[in-house]
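Q: All chains, please: the whole structure from these sequences, using the hints.
Given next are the chains, with one letter for each unit.
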Amino acid sequence: MTRLTSFCFFWLVSMCCLLVPLQVVAAPITFVTALPVARGEMLVRAQAKLLRATDDDSPGDRDLTVWAVPVIAAYGITGKLALFGVLPVLDKEMEVTTPLGRMKRGDSGIGDLTALARYTVWKKDEPGKTLRLAPFMALKMPTGQDDATDSIGKLPQPLQLGSGSWDYTAGLVLTRQTLARQFDGSLSYTVKTEADGFEFGDEIRFDLSYQYRLWPRRLTSGVVGFVYGVLESTLMWRDNNTVQGIDDPDSGGVTWYLAPGVQYVTRRTVLEMAVQLPVVQNLNGTALKNDFAAIMSFRMNF
Amino acid sequence: MMKIFFIPLVTALVFFTCPAFARVSSLVVEVNGMACPFCAFGVEKRMQHVPGVESVAVDIQAGTARATAGHEGSIQYQDVPRAVKEAGFTAGDMWITAGGRVENNGGNGLILQMKELFIPLTVDDNVLKQRLTAVVGTGRQVVLKGRIRSKEGAWILYPETMEPKKP
Numbered sequence: 003m004t005r006l007t008s009f010c011f012f013w014l015v016s017m018c019c020l021l022v023p024l025q026v027v028a029a030p031i032t033f034v035t036a037l038p039v040a041r042g043e044m045l046v047r048a049q050a051k052l053l054r055a056t057d058d059d060s061p062g063d064r065d066l067t068v069w070a071v072p073v074i075a076a077y078g079i080t081g082k083l084a085l086f087g088v089l090p091v092l093d094k095e096m097e098v099t100t101p102l103g104r105m106k107r108g109d110s111g112i113g114d115l116t117a118l119a120r121y122t123v124w125k126k127d128e129p130g131k132t133l134r135l136a137p138f139m140a141l142k143m144p145t146g147q148d149d150a151t152d153s154i155g156k157l158p159q160p161l162q163l164g165s166g167s168w169d170y171t172a173g174l175v176l177t178r179q180t181l182a183r184q185f186d187g188s189l190s191y192t193v194k195t196e197a198d199g200f201e202f203g204d205e206i207r208f209d210l211s212y213q214y215r216l217w218p219r220r221l222t223s224g225v226v227g228f229v230y231g232v233l234e235s236t237l238m239w240r241d242n243n244t245v246q247g248i249d250d251p252d253s254g255g256v257t258w259y260l261a262p263g264v265q266y267v268t269r270r271t272v273l274e275m276a277v278q279l280p281v282v283q284n285l286n287g288t289a290l291k292n293d294f295a296a297i298m299s300f301r302m303n304f
Numbered sequence: 032m033m034k035i036f037f038i039p040l041v042t043a044l045v046f047f048t049c050p051a052f053a054r055v056s057s058l059v060v061e062v063n064g065m066a067c068p069f070c071a072f073g074v075e076k077r078m079q080h081v082p083g084v085e086s087v088a089v090d091i092q093a094g095t096a097r098a099t100a101g102h103e104g105s106i107q108y109q110d111v112p113r114a115v116k117e118a119g120f121t122a123g124d125m126w127i128t129a130g131g132r133v134e135n136n137g138g139n140g141l142i143l144q145m146k147e148l149f150i151p152l153t154v155d156d157n158v159l160k161q162r163l164t165a166v167v168g169t170g171r172q173v174v175l176k177g178r179i180r181s182k183e184g185a186w187i188l189y190p191e192t193m194e195p196k197k198p
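Chains A and B supply the protein sequences, listed in that same order.
Note that the working numbering gives residue 106 to position 104 of the first sequence, counting from 1, and the numbers run on in steps of one.
Note that the working numbering gives residue 114 to position 83 of the second sequence, counting from 1, and the numbers run on in steps of one.
Think of the hints as simulated: they come from the structure by calculation, not from any bench.
Incorrect hints may have been included.
Stated by the list, open to error - Stretch-level coverage of chain B by chain A, calculated; a stretch enters the list once three of its residues show a Cβ under 8 Å from a Cβ in chain A: (1) 62 to 71; (2) 88 to 98; (3) 155 to 161.
Glycine included, C-beta positions come from ideal geometry on N, C-alpha and C.
A: And the structure:
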């Protein structure tokens with residue numbers, strides 16, 4: 003079972019990071035932007051994400067399916083400072099071959115709550131365009147259950163809904179938006195802490211997003227809905243996990259994902275979808291590789 | 032003793048000579064940095080909080096927000112740049128449509144006298160200046176349209192057109 007657990011580690015970390023990233027407001031689909039949330043304004047975003055990971059050469063022949071529905075609320079304290087909360091609902095299921103036969107393990111319920119603050123430190127506003135820079139900090143709290151059991155015993159830590167740890171993220175996002183297109187770039191570092199003798203590896207993440215207005219081709223007066231074509235890139239490096247202070251050789255590595263997508267943006271709502279596809283998965287040991295992650299999302303201004 | 036009668040008399044005269052349309056009835060502000068429909072809603076919401084504003088219409092292409100006052104209401108234009116800032120953007124130039132009487136400001140140029148306040152006027156166009164001067168002291172109500180700017184803490188209206196009050 004220990005070997006099985008170690009098999010699971012990396013892809014579950016990948017899953018957690020892919021499915022519950024700090025993606026909260028406005029333009030990019032898979033990460034945060036520097037665009038403002040007006041003072042006193044509340045945005046709510048609900049996402050439905052499906053991750054499949056079946057490319058496993060190990061004897062366990064692991065087959066992972068994860069559904070995640072992160073509900074994200076954003077509130078503008080001032081025109082520059084915005085606070086975000088992310089609460090995911092998760093359903094994790096893994097099929098694996100063991101000496102006892104093919105087995106399913108997993109859990110479903112509420113995961114860890116993440117709070118994020120973002121402050122615009124610099125901006126250059128011009129008619130119909132903006133360039134702005136905003137650092138952000140996030141705190142992931144251990145609100146999800148991290149001691150769930152099934153018929154075999156306690157679930158491996160990565161299969162739990164919560165990590166049990168307090169994790170800290172600091173990052174910087176740059177956004178350039180015009181009436182025709184938008185570019186976002188984000189760099190962040192996440193420090194993971196130990197819980198229950200297990201510690202996920204720290205993570206560096208570099209995201210890029212390009213959105214191009216496909217429709218309407220010519221703008222008219224008023225506020226019309228925009229359809230954007232979207233292409234996003236996520237490059238992640240993750241350190242090895244540690245178990246009881248010892249590095250897990252089957253965890254950590256470098257991944258690069260591309261996510262083509264489409265967005266329909268109106269003054270009060272955004273409907274969007276994207277498919278995140280792995281381009282490079284240079285993972286350590288027998289870490290399970292992802293097939294894809296599909297994301298559908300709906301945002302609303304209140 | 033005279034003051035007892037004089038003060039209410041002056042007050043009454045001011046109110047009776049500045050009828051309902053002596054007000055800022057509409058305003059257009061440039062919202063720099065606004066470039067998508069989702070951002071426009073925040074501008075609309077913050078502008079709605081400006082006293083006197085009844086409705087707001089954003090034009091993404093023009094990069095402007097137009098505020099309209101309610102019936103007999105007057106837009107507190109001084110609060111508009113702050114509202115745009117609270118929406119996360121930068122206010123550019125503002126244009127207002129304001130009604131009132133044109134008066135002399137005691138040798139310091141012309142003013143547009145409204146109900147509770149007046150706005151100093153700066154007029155570059157000589158023809159318009161003559162037309163404005165012609166209505167000073169007549170009690171005639173006019174509607175001015177033009178750019179309004181804050182200069183050293185004081186708001187100044189740069190009228191571009193003048194129309195008589197419509198019956």
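Q: Looking back at the numbered hints, which does the structure fail to meet, lowest number first?
A: Going through the list in order, the structure violates hint 3 alone and respects the others.
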